[in-house]
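Number of protein chains: 4
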Amino acid sequence: MSKIGIAVVGFGYWGPNLVRNFRASPEFDVRFIVESKPNAQANARTRFPEVETSADYDAVLADDGVHAVAIATPTATHFPLAKAALEAGKHVLIEKPITSSAHEAQVLIAMAAERGLTLMVDHTFIYTSAVNLIREKIKSDELGELYYYDSTRINLGLFQADVNVLWDLAVHDVSILMYLIDKKPTKVSAHGIAHVNGHPENTAYMSLFYSDDFIAHINVNWLSPIKTRQTLIGGEKKMIVFNDLEPTEKVKIYENGINLNVDEETSDKLKIGYRLGDIHVPHLETTEALAVMAGHFASSIKEKSEPKTSGQMGLEIVEVLEAATQSMQRSGEPIEVGGVN
Amino acid sequence: MSKIGIAVVGFGYWGPNLVRNFRASPEFDVRFIVESKPNAQANARTRFPEVETSADYDAVLADDGVHAVAIATPTATHFPLAKAALEAGKHVLIEKPITSSAHEAQVLIAMAAERGLTLMVDHTFIYTSAVNLIREKIKSDELGELYYYDSTRINLGLFQADVNVLWDLAVHDVSILMYLIDKKPTKVSAHGIAHVNGHPENTAYMSLFYSDDFIAHINVNWLSPIKTRQTLIGGEKKMIVFNDLEPTEKVKIYENGINLNVDEETSDKLKIGYRLGDIHVPHLETTEALAVMAGHFASSIKEKSEPKTSGQMGLEIVEVLEAATQSMQRSGEPIEVGGVN
Amino acid sequence: MSKIGIAVVGFGYWGPNLVRNFRASPEFDVRFIVESKPNAQANARTRFPEVETSADYDAVLADDGVHAVAIATPTATHFPLAKAALEAGKHVLIEKPITSSAHEAQVLIAMAAERGLTLMVDHTFIYTSAVNLIREKIKSDELGELYYYDSTRINLGLFQADVNVLWDLAVHDVSILMYLIDKKPTKVSAHGIAHVNGHPENTAYMSLFYSDDFIAHINVNWLSPIKTRQTLIGGEKKMIVFNDLEPTEKVKIYENGINLNVDEETSDKLKIGYRLGDIHVPHLETTEALAVMAGHFASSIKEKSEPKTSGQMGLEIVEVLEAATQSMQRSGEPIEVGGVN
Amino acid sequence: MSKIGIAVVGFGYWGPNLVRNFRASPEFDVRFIVESKPNAQANARTRFPEVETSADYDAVLADDGVHAVAIATPTATHFPLAKAALEAGKHVLIEKPITSSAHEAQVLIAMAAERGLTLMVDHTFIYTSAVNLIREKIKSDELGELYYYDSTRINLGLFQADVNVLWDLAVHDVSILMYLIDKKPTKVSAHGIAHVNGHPENTAYMSLFYSDDFIAHINVNWLSPIKTRQTLIGGEKKMIVFNDLEPTEKVKIYENGINLNVDEETSDKLKIGYRLGDIHVPHLETTEALAVMAGHFASSIKEKSEPKTSGQMGLEIVEVLEAATQSMQRSGEPIEVGGVN
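Chains as they are written, first to last, in the numbering used here: chain S, 96 to 436; chain D, 96 to 436; chain L, 96 to 436; chain H, 96 to 436.
There's no promise every hint is true.
[Said to hold, decoys possible] In silico lysine-lysine, DSS-like type, Cα no more than 25 Å apart, as pairs:
#	chain 1	residue 1	chain 2	residue 2
1	H	K332	L	K322
2	S	K347	D	K322
3	L	K322	H	K347
4	H	K347	S	K232
5	S	K322	D	K332
6	L	K322	S	K322
7	H	K322	D	K322
8	D	K232	L	K347
9	D	K347	L	K347
10	L	K347	H	K322
11	H	K322	L	K332
12	L	K178	S	K322
13	D	K132	S	K322
14	D	K332	L	K397
15	S	K332	D	K232
16	L	K332	S	K347
17	S	K232	D	K322
18	L	K332	D	K347
19	S	K322	D	K282
20	H	K232	L	K322
21	S	K282	D	K282
22	L	K322	H	K132
23	D	K322	H	K347
24	H	K282	S	K347
25	H	K347	S	K332
26	D	K347	H	K322
27	H	K232	S	K347
28	D	K347	L	K232
29	L	K232	H	K322
30	H	K347	S	K347
31	L	K282	H	K282
32	S	K322	D	K322
Hints listed in this document are in silico derivations from the structure and should not be mistaken for laboratory results.
Construct all of the structure, not just a fragment, from the sequences and the given hints.
As structure tokens, then:
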């Protein structure tokens, strides 16, 4: 197989980015854009006149020149579309989140394993130079013991009809967290409000608990007047501020911290002071994450290797989101991750 | 009574600011700085050589020239110091929070009422031009129905020995919230981590629930590499960003919002879009809030009127903090406000 | 003529943007990309496989399906390429600056006038919603008498081989200035340094003088560690800060100003104080300026009307740049605009 | 002599800061505040009731307990006040700029030398940790060859009656420049506008030329809607951005620069590209510069050593300002530094 024939399913918000990146990749040959809505179909024809647009998913799956499909449709449709593709013997890339439920994800993982097909989820942040640099700093123990991960991901966003804001925005932080640290959350607690009747929660707060003193907190919102993408990672030795909206200073590493001192006046008591240090802002490569992701999908297929954002990782993320959603419905009651049925 | 004789008790972090502002006020005569620690006492003598410094609180309370005391000592000592002052017939101003427990606050409120004395809490933000401008915008319905209050108040701060970070930082947001909106929270849920053994929580997240769809969330932290003081207030018609670290653009009013539209392609479904509008940044007077607070304390005493930050308000804030602390101990279990015993 | 057949000449930095926008416009049909460098040609074929790429400019000019050419090549080549196009009876759009000298611009203007062809320069800023909003504020006298225009346009940029930094960056400010105010500069003074032997100036400062007290100053630099695109416009009643790097708050209107007061202590002397007011940040449409420019080129051709960024405007801008370059060579000696031979 | 008895002359904008810092210094004893305006005198008595306020400068100079005077009055009065003090055998500290003319400065320098008295100018920036850190980076050749110094120092400021904006604001940059680099400017060119009749220039631009390719540019303005204090220092190896309004990130060191490459397509030509690197933000001590300045004045007196901001340095700065003012009057004609009569 020289080039991987791929069909991109769904030409809404994200689909065009996938088409553009797969077309720019020397590994892929974009054979079809699959889209049934007339408006989106017309849009696809205008932007990519040289790619065939089809509304017939079954026919596309029957095409031998199609070796893989990339699914960028609403979350609820991920499972049936991916299932059909795996049944047709195609490798599958799915937009985040992998499915609407952990059960569905488990089915897809088992199907892909049986058939020796690659199942990968497009958790794009895992392919950014920023997140990989932070991961290195943590792995090399430059930050020391980790204290917390605190993320704010808010903007005036389109309300999604089928998923709440956790599945749309917090999903990014859950994937980043999973990639950065080696431990899984034991329990999750979340609060949220829908504000508009009949719609899912647009404002939500989520805390993740671990077997030790590390804590993670995620603040997501489709109703904010300002766009914010800021994550703080506090460590014993150093702390990081990751501001994804900064064009050139995305990751700042602070040599700040706390010190334990003996208080002069009450010598029996431990006093905690703080320490201010230099700040380091490493230069980051500006490669587009989606291009890296596309390359990784290609090599996972060719080398039959487990992708970094495997179906299994996608499942574990969905387990966290399911627990959070259940907690939200029970007024923040802490829910065990993996324990939602 | 021409000038109100006042004694400032405690010359730590906040005491010097009180002394400076009471001295600058034409209504007050600062008679004593009460301080027992030798270092702080020496510091008081150097900075205010013309004010008498005393370690004998009882003698100060016995002085007829002292009409009022301002208490700026650690929280745990507020109650006994204020009780003694009220018993001696003095008006009392207490640093926030009023006391360590709702019960103590109730005792002080009753004592002050019986004796016809003024009991006021120094919730300084209530006297800033920023918070008062935001209150006006809300009261005049410029923002429409309120959706949420979301505040981040973090920095590399001194760990307090006797209170957790909620009592040190979230107390500000609880007071601002209480002043801005007319409703009280029904339940509170909070999570937090201590990180250092034997010390109170330095990182905490708190959600406040109301009888309607409004939600408030407060993120406080003594372990952040960057200082943040940012509050978002989301309304149906307008939204506000209050950034207290901005020297000249503290309050920004966004004419942004959401729109309910009928989706063209699926006309049976309501689609929610957003609307971007102008931003207005009102000029704010730069009066020091503490000076306004001092003037308000004087007029409350002279006119025997209820202060804006009365003992009762102080009590209601402590009730929220007590509920939050209990929730934190019970892994985020929602606790009814006013129901902690 | 239904669609205007156009050829884009030069596929370097700017050419691809022109191709993309002319292709997205319903008024144009992009017939050719003219490019002789093999690398750039290959790049054009990859990005726009459906557009014919040619190295033979004469053949393209001989094609009757080509009604207009858009020239995006190095400045020194603008004149011969545009001259040939006008001779072939084509409408011409030229990247800024129009030519390397005022004389060349005059020749092109005369040729276009004789032949009834449209000659337009792509001074893109004139088609942005930001600059048009500022122009409205000035024209409606909202700012009062204008005091100054002060612009900083710096970054770590590619050194140009054939033109100095004034012709590359200050050209934008000169065009904006010309569009915003109704007066022309009388004299220009400039200083600059080349730093690298045999290369044109990479750092330059330019002052523009008028027949009244208005002054303009432009700071341009290819050697700055940070990118800045900030323009201050000071008026008697209001002032504007135009920061082109701000995604959502590009134009801020300050109701600040100066007041003339009588000094209390020395009543015979006029004292000047300042006044701080509200700030207003108008919402701007996010239309791409190049799309607006393309539409304007089409309507100028079809209606045979003078474009906003006409050859004449292009000439006047080049006259300012010529005077500035001469001043720079004479250590800042003020040079009359239009007086360079 | 244990403590140096000092009199502070002038209690306007800066005087109170001098009094506060000399009082906080263990080396000084503030004996008098000299002030003749009734309002300012009353203000001095309120803020420093324990310091004697006097309107009789001669009597103060006659007091043997006064060993030094600090002059913080309008620039035009510096010379007569300093002359009288030196005649009375007092050490002298003068607010910047030292005098209104180079000639006056020369007289003071000669008088101080004859009498063995310390003559120092309060160029405060020279005592900041930020400027000293930058100096170290330059002296250790970390930046490589210096290319330019480009400073913007603008805000809505009080118009001064007796000096133009160069003498009020650019004076800071001239002093910083002189301290940072080892060379003196050969020529100066400046442009400025007064805008208000009968008042000195409120907006000015100044370029400083050297015997090599280094260039400095200073942009000062009392009419800006926003306050800016930003200096860029470009070097061959590294570049610095010094933003004095940043609370914690005042000095940023960029490992950016330019590279000389051979262009692939036209191999005979040198192509200049740029290089992006890490950013380093060193932690700075937060000592108040005025306190450091006061200590340096004390040690210069006691050790009879030349202060860093000596009368000679003050003279050289005034020579630059004189040349700039003359250039401004001659429409930017380059004027030799030291050559103004």
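Hints the structure fails to honour: 12, 13, 14, 15, 16, 19, 22 and 24
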